[in-house]
Amino acid sequence: MAVALVAVLSPATAAGATSATPGATAGATASAVSVTAGARPGGGLADLPALEPVMECSALTGLDLGGVTDAPVTITSATVSTAGAPAPYCAVTGTIAPADTIVMRLPVGGWTQRYLQTGCGGECGSSTINYTQAASCRPIADGTIASATTDMGHQGSFDGSWAAGDPQAQIDFAYRGVHVTAQVAKAVITRFYGHAPAYSYFDSCSDGGREALMEAQRYPGDFDGIAAGAPANNMVVQNTFHHAWNVLANLGADGKYILLAGRLPLVHQAVLARCDARDGLADGVLDDPRRCDFDPASLVCRTGQDTATCLTPAEAAVVRRLHDGAVTGDGKRLEPAIAHEWGSEPEWTLFVPSAQGTKVGSENFVLSFARYLGYTNQVDPTWELSDLKLTVEGFWRTVQSSSYLSAMDPDLTAFRRSGGKLLLWHGWNDQHISPQGTLAYFDAVQRTMGRGAVDGFARLYLFPGVAHCGGGEGPNVFDVLTPVMAWVESGAEPGRIVASTSANQTPARTRPVFPYPAVARYDGSGSTDDAANFVSSTPAHQPKDDYHWLGERLFSHDYQTRGRAEGTRLVLHPERTWLTRMI
Numbered sequence: 001m002a003v004a005l006v007a008v009l010s011p012a013t014a015a016g017a018t019s020a021t022p023g024a025t026a027g028a029t030a031s032a033v034s035v036t037a038g039a040r041p042g043g044g045l046a047d048l049p050a051l052e053p054v055m056e057c058s059a060l061t062g063l064d065l066g067g068v069t070d071a072p073v074t075i076t077s078a079t080v081s082t083a084g085a086p087a088p089y090c091a092v093t094g095t096i097a098p099a100d101t102i103v104m105r106l107p108v109g110g111w112t113q114r115y116l117q118t119g120c121g122g123e124c125g126s127s128t129i130n131y132t133q134a135a136s137c138r139p140i141a142d143g144t145i146a147s148a149t150t151d152m153g154h155q156g157s158f159d160g161s162w163a164a165g166d167p168q169a170q171i172d173f174a175y176r177g178v179h180v181t182a183q184v185a186k187a188v189i190t191r192f193y194g195h196a197p198a199y200s201y202f203d204s205c206s207d208g209g210r211e212a213l214m215e216a217q218r219y220p221g222d223f224d225g226i227a228a229g230a231p232a233n234n235m236v237v238q239n240t241f242h243h244a245w246n247v248l249a250n251l252g253a254d255g256k257y258i259l260l261a262g263r264l265p266l267v268h269q270a271v272l273a274r275c276d277a278r279d280g281l282a283d284g285v286l287d288d289p290r291r292c293d294f295d296p297a298s299l300v301c302r303t304g305q306d307t308a309t310c311l312t313p314a315e316a317a318v319v320r321r322l323h324d325g326a327v328t329g330d331g332k333r334l335e336p337a338i339a340h341e342w343g344s345e346p347e348w349t350l351f352v353p354s355a356q357g358t359k360v361g362s363e364n365f366v367l368s369f370a371r372y373l374g375y376t377n378q379v380d381p382t383w384e385l386s387d388l389k390l391t392v393e394g395f396w397r398t399v400q401s402s403s404y405l406s407a408m409d410p411d412l413t414a415f416r417r418s419g420g421k422l423l424l425w426h427g428w429n430d431q432h433i434s435p436q437g438t439l440a441y442f443d444a445v446q447r448t449m450g451r452g453a454v455d456g457f458a459r460l461y462l463f464p465g466v467a468h469c470g471g472g473e474g475p476n477v478f479d480v481l482t483p484v485m486a487w488v489e490s491g492a493e494p495g496r497i498v499a500s501t502s503a504n505q506t507p508a509r510t511r512p513v514f515p516y517p518a519v520a521r522y523d524g525s526g527s528t529d530d531a532a533n534f535v536s537s538t539p540a541h542q543p544k545d546d547y548h549w550l551g552e553r554l555f556s557h558d559y560q561t562r563g564r565a566e567g568t569r570l571v572l573h574p575e576r577t578w579l580t581r582m583i
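Those letters in the sequence shown? Residues 1 to 583, per our numbering, in order.
It cannot be assumed that every hint is accurate.
What the hints assert, rightly or not - Simulated pairs of lysine-lysine, BS3-like, Cα-Cα distance not exceeding 25 Å: (1) Lys-256 with Lys-359; (2) Lys-359 with Lys-389; (3) Lys-332 with Lys-544; (4) Lys-389 with Lys-332; (5) Lys-256 with Lys-389.
Unchecked claim - Each pair of labels, with its calculated beta carbon distance range: (6) Glu-52 with Thr-382: 53 to 59 Å; (7) Gly-331 with Leu-251: 17 to 23 Å; (8) Asp-306 with Thr-349: 20 to 26 Å; (9) Thr-349 with Gly-110: 41 to 47 Å; (10) Gly-165 with Arg-581: 23 to 29 Å; (11) Ser-77 with Asp-295: 58 to 64 Å; (12) Ala-508 with Ala-83: 26 to 32 Å; (13) Glu-552 with Val-80: 50 to 56 Å; (14) Thr-382 with Glu-493: 49 to 55 Å; (15) His-573 with His-541: 45 to 51 Å; (16) Gly-66 with Asp-330: 56 to 62 Å; (17) Thr-382 with Gly-110: 52 to 58 Å; (18) Asp-523 with Ala-59: 56 to 62 Å.
No wet-lab data here; the hints were simulated from the structure.
For each residue, glycine too, the CB sits at the ideal point set by N, CA and C.
All chains should be modelled from the sequences, with the hints used to inform the complete structure.
This is the structure in structure tokens:
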């Protein structure tokens, strides 16, 4: 049984108390109350008493938050709302100087002492609370959880120009914005309810997954539990070589695309014909694409064959290149092997256009990032994909900003010692971020800390058929937050997570997903669309992953830097690491 110590304050004390340590008890008259975290049946969550606010919602606009974080904080509005939630809450908006917007939802009818911070995808720039793959988590579903998010220091400007000449915005996006939001949100919660959260959580996906891992690595005391989905933690490689290769690998000498999206269903059906039944069921989903040995050359047209049923040699070569990932001219890997898994072909429309003359999503991602953010203190609005050098030297010059933008540190010892729990997850059919990156990171954490230590605080889940953060051909709706909460609050180790098809998918299907490396296997009776008829099975022979590539040393903990703004320049400390010596 976990025991949480919380503090109860009188309304008068709470309204005027200040604290320089967010999450700590505020006010001299606080009295300690022991809350026994007994698990409720069917969830493993602590049975925490629901608490009422000790001050009016509108009074939060006058709150003195001096000393809470490293910069002034202003609460600009606080009004009771019911928008987008099952119960009324105090909707709070504020600014953490210089430009981090913070948005909060504080229940006004009974708070069950939990705080949840959600992340932000892409390059952020908006502050919308988004409960990623957690909407059915009970404290969210009943509106009893306090939550917050941030725009990470800038608003709008989805072309990346927000970063030009604004080093503080870059720092806030890299790592500061999420941290100061956690500090301020916990302080506001402490004043509003009279004591701090008993438990604090973070849940997000994509860049939000990077933010989640950045928190575990740089600020291990901010959250008790973290759910990190499809993390863009290898951000610089992701937004340069990975996405640029998606485009460059498909261009002919004439500058036109070789493979168009109309050919993708043909490739997908051939993959399924080759590999679908290898997991025991022909259900349109590969439970582990690494076991698929599909060869695109098998689709090359034979003499006299209807060209609608086959590929040209050039098209087949593109399919192979897109699957395998970016390489130098002499074959050195510029990203972990397998950029796009077999079985994910329907999602490749992100970078395979339907017609000539179309600028695909992958190109937009690279241009936005490389022109304004990816190269430290360099802004070039005319930068094009052709400026990216697919060479060893070009690689190391490009990834220098990984020291502050990427979240690759595999040493999570401080997070583990703080009692933190981490649930990593990824969809096998992710078209944006390869699950191989998450596998490589998890492998690095295990090698750094030892498998036994990792098993005590971290789990990895891989969801068959699921695209980026959701969607896809597999069951793609699930709850990753409740298992984290139960692990933190009652010590219930995560087991199976049941995923279901979304409302518009046919047939209706539920499937269990088990902690990696286990997979779900049909038990031989009942419907194959019912999760109850599947059991956990760990294959005797795991696919041999090859995590050797040019940047494999980025999965280490000895080159990370912190930045400070000096005018329009970003100054990094330490100035020299092994990474800077690579150029």
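Verification of the hints:
Taken as a hint, the Lys-256 and Lys-359 pair is honoured in the structure, with Cα atoms around 11 Å apart against an allowance of 25 Å. For the proposed pair Lys-359 and Lys-389, the alpha carbon gap of about 20 Å is at most 25 Å, so the pair holds. With a C-alpha separation of about 19 Å, the suggested pair Lys-332 and Lys-544 falls inside the 25 Å cut-off, and the hint holds. At roughly 13 Å between alpha-carbon atoms, Lys-389 and Lys-332 fall within 25 Å of each other, so this suggested pair holds.
Restraint check: the Cα-Cα separation between Lys-256 and Lys-389 comes to about 20 Å, which is no more than 25 Å; the hinted pair holds. In this structure the supplied range 53 to 59 Å holds for Glu-52 paired with Thr-382, their Cβ-Cβ distance being about 58 Å. Against the hinted window of 17 to 23 Å, the Cβ-Cβ separation of Gly-331 and Leu-251 comes to about 19 Å, which satisfies the hint. One distance hint, 20 to 26 Å for the beta-carbon pair Asp-306 and Thr-349, holds here, with the actual separation near 24 Å.
Taking the beta carbon of each, Thr-349 and Gly-110 are about 45 Å apart, inside 41 to 47 Å as hinted. Separation of Gly-165 from Arg-581 is about 28 Å and conforms to the stated range, judged on CB atoms against 23 to 29 Å. For Ser-77 and Asp-295, the hinted distance range of 58 to 64 Å is satisfied, since their beta carbons lie about 59 Å from each other. Hint check: Ala-508 to Ala-83, Cβ distance near 30 Å, so the stated range 26 to 32 Å holds.
Separation of Glu-552 from Val-80 is about 52 Å and conforms to the stated range, judged on CB atoms against 50 to 56 Å. The beta-carbon spacing between Thr-382 and Glu-493, approximately 53 Å, falls within the hinted interval of 49 to 55 Å. The beta-carbon spacing between His-573 and His-541, approximately 46 Å, falls within the hinted interval of 45 to 51 Å. Range check, Gly-66 to Asp-330: Cβ separation about 58 Å, and the 56 to 62 Å hint holds.
Roughly 56 Å separates the CB atoms of Thr-382 and Gly-110, a value that falls within the hinted 52 to 58 Å. For Asp-523 and Ala-59, the hinted distance range of 56 to 62 Å is satisfied, since their beta carbons lie about 57 Å from each other.
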